[in-house]
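Q: Take the given structure of chain A and dock chain B to it, following the hints.
Sequences listed follow chains A and B, in order. The opening position of the first sequence corresponds to residue 0 in numbering that gives the first Met the number 0, with each subsequent residue numbered one higher. The opening position of the second sequence corresponds to residue 0 in numbering that gives the first Met the number 0, with each subsequent residue numbered one higher.
Hints listed in this document are in silico derivations from the structure and should not be mistaken for laboratory results. Quick caveat: nothing in here was measured; it's all calculated off a predicted structure. For each residue, glycine too, the CB sits at the ideal point set by N, CA and C. Check before you lean on any hint, since a few could be wrong.
For the chain A half of the interface with chain B, some residues (derived, Cβ under 8 angstroms), not all of them [unchecked claim]: (1) Gln16; (2) Ile18; (3) Gln27; (4) Arg119; (5) Leu215; (6) Arg224; (7) Thr226; (8) Asn230; (9) Ile234; (10) Gly237; (11) Gly285; (12) Thr293; (13) Ala310; (14) Pro361; (15) Phe392.
Simulated restraints, written as ranges between beta carbons of each label pair [as the list claims (entries may be wrong)]: (16) A:Met0 x B:Lys83: 21 to 29 angstroms; (17) B:Lys83 x A:Asp115: 52 to 60 angstroms; (18) B:Gly417 x A:Asp259: 17 to 25 angstroms; (19) B:Ala46 x A:Gly362: 55 to 63 angstroms; (20) A:Phe107 x B:Glu333: 22 to 30 angstroms; (21) B:Thr245 x A:Phe107: 22 to 30 angstroms; (22) B:Lys97 x A:Arg391: 35 to 43 angstroms; (23) B:Glu143 x A:Glu143: 39 to 47 angstroms; (24) B:Phe175 x A:Phe131: 20 to 28 angstroms; (25) B:Phe175 x A:Gly362: 35 to 43 angstroms; (26) A:Phe131 x B:Asn328: 35 to 43 angstroms; (27) B:Asn328 x A:Arg198: 34 to 42 angstroms.
Protein chains: 2
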Amino acid sequence: MVHASIITIGDELLIGQVIDTNSAWLAQEMNKIGIWVKRRVAVGDLADDIWNALDQEAAHSQIILITGGLGPTADDITKPLLCKYFDGKLVVNEAVLKHVRYLFEEVFRRPPPILDRNLRQAEVPDTCEVLFNRAGTAPGMWFEKNGRIFISMPGVPNEMKTIVKDHVLERLKSHFRVPAIESRTLVTFGMGESAVAERIKEFEENLPAHIKLAYLPNYGMVRLRLTGTGNNSEIISGEMDSLFETLKLQLSDIMVTDKDEPIELAVSNLLISKGKTLSTAESCTGGFIAQLFTSHAGSSAFYKGGMVSYANQVKEDLLQVDHQTILDNGAVSEETVRQMVKGALDAFKTDFALATSGIMGPGGGTETKPVGTIWIAVGNRDKIIAQKFNFRFERKRNIDISSYNAINLLRKFVGDHG
Amino acid sequence: MVHASIITIGDELLIGQVIDTNSAWLAQEMNKIGIWVKRRVAVGDLADDIWNALDQEAAHSQIILITGGLGPTADDITKPLLCKYFDGKLVVNEAVLKHVRYLFEEVFRRPPPILDRNLRQAEVPDTCEVLFNRAGTAPGMWFEKNGRIFISMPGVPNEMKTIVKDHVLERLKSHFRVPAIESRTLVTFGMGESAVAERIKEFEENLPAHIKLAYLPNYGMVRLRLTGTGNNSEIISGEMDSLFETLKLQLSDIMVTDKDEPIELAVSNLLISKGKTLSTAESCTGGFIAQLFTSHAGSSAFYKGGMVSYANQVKEDLLQVDHQTILDNGAVSEETVRQMVKGALDAFKTDFALATSGIMGPGGGTETKPVGTIWIAVGNRDKIIAQKFNFRFERKRNIDISSYNAINLLRKFVGDHG
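Pulled out of the complex, with its shape left as it was, chain A reads as follows:
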């Protein structure tokens, strides 16, 4: 099996100012072409630490992917160091220089002159192959040393991804004889990780050595991923299909989707397939549900709109929630969320509506309605159902898990009454 290491360079990673999303994306892309990421290492902008990491990872892996340390405000440590490490000298690459000028003059429309630190992005070690960066000024660099491949890329996610898709994947595939890799993913809702594991214990124990099962629990969901490796993609694909069918059967009652997709996308496709429309009336979730649905292309096909009715006056004025209802039961009550659904169905003229009202914290909790109490309602013109939940997390997590539970209630309701 071909092994890769990922080295991320930059103090910002070590002081925790930035969360490393590049490594996860890189790992997924490597997996798709049958390369296993064995280690990920983050080091700061220190020559010794970077050099040391290059030596160390070269001992672990055939491929060393390096991100960061190349930006215009980087402390000019990484590029000279790569020059030294790969016995080269810095030379200006004319194609890159032309591109940098183009970006600043035509795209960014920055007033001249172009800063030195930007022009210097065109300097590369003469011992590397330049991987042209359509998306930015810092080019990628491909080095080979002692049978190892080192690929240096800028840390800006969008630029790194462009370079990988444009150049890196194809070159790696043609350079290594990589195995066939197949994966299947399904998502469950409402059962704990260990309970799910217990239910499919036998299935998991009987998996052949070349097929692995990974659990990824989050927000009441568990994402199960089967990954199989082999030499013949057709054989492994058939093997995976039949195993996946078995797994789906054993989890059918709690399965949300049998694709590697977020739950809101599964519900979106369900609504689109039925030609039904949706509106939302969010109090405590504050628009999080709306932005989950609308973050995916094509959402306008079923999502008409939503109300963030944060103030009670808004619930009354724009969702026709009865003033007395709020006085008698409070804004966080079954009666209120039921009326919010009615109000949304009328205001937005949709087939289905979803409503939330709760106390997300840290303040606002009471004896009878502690922080984490939330009422969720979903319905159509004929029927409205409501359910109460109690969560015990901090504010943001309460909002997120409330939203995912609301979307799951919607999924079930549309399935039963769509």
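A: Quick look at chain B alone, frame taken from chain A:
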């Protein structure tokens, strides 16, 4: 300087199924007590790789923080390995066992019997000090070996954070003589990273060796963080204050906040301090702006509510956007967003309103209005301003950067007309 390494264990990190947010949080907490995270390493659920990482990081750092590999569905590799690595044997910890029973019976309310794999969470190596985990079943473990400190914790963020705050920080502070660390952060908007760097070139070049400046660009903002290290916290603090004042003066025209806070929180506090209220009318940003404001505690003090007017019909019915206006100019136009602001001010009865309408992609672009075109308007009863932007990213990034630009327009407007 005391150095720490972070080791994260788990295949899910290496197949990219989960993004590592723990390391960034851990690094920030370590920095606050004057400990520098020198390296971060991620390895899979493989005994050799974990053992190897422990040896390697012990050569780099005095403190080795380990997260992951302890969950009930973990492949039972990490704990036995730690047992072996620290020459201990697994014993049941009665306090933890009692806690596990309590969680399953009283908190999770799971039907008995409690699964073996859950009860086994109470088994710990007899060579560790148990770090009690209020938030979950897997306890933290504190080991010492050859003058190095190894701290093993579960990978679930909420549980890891609870253990660190309850036990780890205090113990580390009393165990090491850590230096004083001070940091100051400000955020700029609307100027590129390299242009900002160019403007403060001299300031940066004249910084003393013990004070560092870090740049973190994102969504048109640049977060600048000064970090100083010294022996006397008062001296370093005074030094930092005067340097920070100089930096603020040089960037005053583009500074959004002089605190380490997100821009929407700076605007929220501005509105609260002025006793003014806000509503939002979002088309293309789909509720992202609303959820940014409401994700912070206390937002109900100024945020009354918002409309996600995704369909044109909703813009007309609920925001009184003139039908003819949309016919003549399209939904993505200055006239439409101006009317959306009016509609929101009336519907939500607020002092200020913010509106967005654009084409986020991938579909929907035209010759005259390509993907990335967005109109943003902000106003009060007396005045409404509108501005057009063109972004060139994929859908989600277009949504995010549009939202942050809208919030920055609001910030300026409230500053000028609040």
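Q: Next, verify each hint and record whether it holds.
A: Checked hints:
| no. | hint | in the structure |
| --- | --- | --- |
| 1 | Gln16 | holds (5 angstroms) |
| 2 | Ile18 | holds (5 angstroms) |
| 3 | Gln27 | holds (4 angstroms) |
| 4 | Arg119 | violated (10 angstroms) |
| 5 | Leu215 | holds (5 angstroms) |
| 6 | Arg224 | holds (6 angstroms) |
| 7 | Thr226 | holds (7 angstroms) |
| 8 | Asn230 | violated (20 angstroms) |
| 9 | Ile234 | violated (22 angstroms) |
| 10 | Gly237 | violated (22 angstroms) |
| 11 | Gly285 | holds (3 angstroms) |
| 12 | Thr293 | holds (3 angstroms) |
| 13 | Ala310 | holds (4 angstroms) |
| 14 | Pro361 | holds (6 angstroms) |
| 15 | Phe392 | holds (7 angstroms) |
| 16 | A:Met0 x B:Lys83: 21 to 29 angstroms | holds (26 angstroms) |
| 17 | B:Lys83 x A:Asp115: 52 to 60 angstroms | holds (55 angstroms) |
| 18 | B:Gly417 x A:Asp259: 17 to 25 angstroms | violated (47 angstroms) |
| 19 | B:Ala46 x A:Gly362: 55 to 63 angstroms | violated (47 angstroms) |
| 20 | A:Phe107 x B:Glu333: 22 to 30 angstroms | holds (24 angstroms) |
| 21 | B:Thr245 x A:Phe107: 22 to 30 angstroms | holds (28 angstroms) |
| 22 | B:Lys97 x A:Arg391: 35 to 43 angstroms | violated (19 angstroms) |
| 23 | B:Glu143 x A:Glu143: 39 to 47 angstroms | holds (43 angstroms) |
| 24 | B:Phe175 x A:Phe131: 20 to 28 angstroms | violated (47 angstroms) |
| 25 | B:Phe175 x A:Gly362: 35 to 43 angstroms | holds (37 angstroms) |
| 26 | A:Phe131 x B:Asn328: 35 to 43 angstroms | holds (40 angstroms) |
| 27 | B:Asn328 x A:Arg198: 34 to 42 angstroms | violated (57 angstroms) |
Consistency with the previously given hints fails for numbers 4, 8, 9, 10, 18, 19, 22, 24, 27, ordered from lowest to highest.
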